[in-house]
Amino acid sequence: EAQVTQNPRYLITVTGKKLTVTCSQNMNHEYMSWYRQDPGLGLRQIYYSMNVEVTDKGDVPEGYKVSRKEKRNFPLILESPSPNQTSLYFCASSFGGVVYNEQFFGPGTRLTVL
Amino acid sequence: AQSVTQPDIHITVSEGASLELRCNYSYGATPYLFWYVQSPGQGLQLLLKYFSGDTLVQGIKGFEAEFKRSQSSFNLRKPSVHWSDAAEYFCASTPGDDMRFGAGTRLTVKP
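Here the protein sequences come in this chain order: C and A.
Each residue of the first sequence is one higher than the one before, starting from 3 at the first, in this note's numbering.
Each residue of the second sequence is one higher than the one before, starting from 864 at the first, in this note's numbering.
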């Protein structure tokens with residue numbers, strides 16, 4: 003089944019404890035992206051990647067890192083999480099850029115930073 | 864900078880009634896516009912998209928949207944709402960590679 007998977011789905015952590023949220027897609031998509039969703043703000047793009055070893059900042063990259071060493075994986079790294087990073091995170095992928103191609107979204111990761 | 868505005872945070876309609884969700888964009892160049900739906904506890908699903916050409920675009924689940932450049936709008940419509948349409952709807956735009964979403968409109972459907 004074609005899908006985008008994220009792990010973990012739920013995570014409660016403490017300030018400053020490094021964490022990684024994994025994202026994997028099995029559709030051979032070039033484009034992958036991370037978003038955070040907050041009430042009243044909709045989705046905001048954190049980082050995106052057009053292909054392996056190519057990443058770019060989105061709207062709200064501060065406090066986050068990403069890497070794209072393999073086509074299928076696009077992990078989101080929080081080196082020193084803070085409470086303002088408590089949010090619902092979505093990974094998405096598409097075949098080629100987002101202009102002409104539908105993005106497929108993962109199920110989301112709900113992160114709480116205490 | 865590009866931005867997308869959805870003026871209505873929450874809309875309630877009766878089942879069978881028509882629906883219109885508003886979306887305004889601010890953009891200098893030709894916008895690429897999208898509507899996504901998010902059912903409770905789910906990720907987002909693309910309803911429809913506009914790139915160019917016919918300003919009235921048809922999507923899945925009986926939805927359509929009309930692009931009006933003069934009003935900088937891309938409103939989503941459905942002639943008869945079903946209870947299963949209750950969800951949050953997001954309008955989005957992109958100039959190329961990065962995506963901007965509106966804050967979303969939550970739709971409640973009354974029986």
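A hint or two may mislead.
[As the list claims (entries may be wrong)] Pulled from the structure, derived: some chain C residues nowhere near chain A, Cβ distances all over 12 Å:
#1 L21
#2 S35
#3 V115
[To be verified] Not the full set, but computed from the structure, chain A residues with beta-carbon under 7 Å of chain C:
#4 Y895
#5 L909
#6 L911
#7 H945
#8 G965
Hint data in this document are derived by calculation from the structure and do not stem from the laboratory.
By construction, the Cβ of each residue, glycine as well, lies at the ideal position given by its N, Cα and C atoms.
Hint check:
1. L21: The claim stands: L21/C keeps its Cβ more than 12 Å from every Cβ of chain A (closest is about 21 Å).
2. S35: The claim is violated: S35/C sits with its nearest Cβ about 7 Å from chain A, within 12 Å.
3. V115: holds (21 Å)
4. Y895: Result: holds, 5 Å to nearest chain C Cβ.
5. L909: holds (5 Å)
6. L911: violated (10 Å)
7. H945: It is violated, given that the least Cβ distance between H945/A and chain C is near 22 Å, above 7 Å.
8. G965: This hint holds: G965/A lies near chain C, its Cβ roughly 5 Å from the closest one there, short of 7 Å.
The structure fails hints 2, 6, 7 (numbered hints given earlier, in ascending order).
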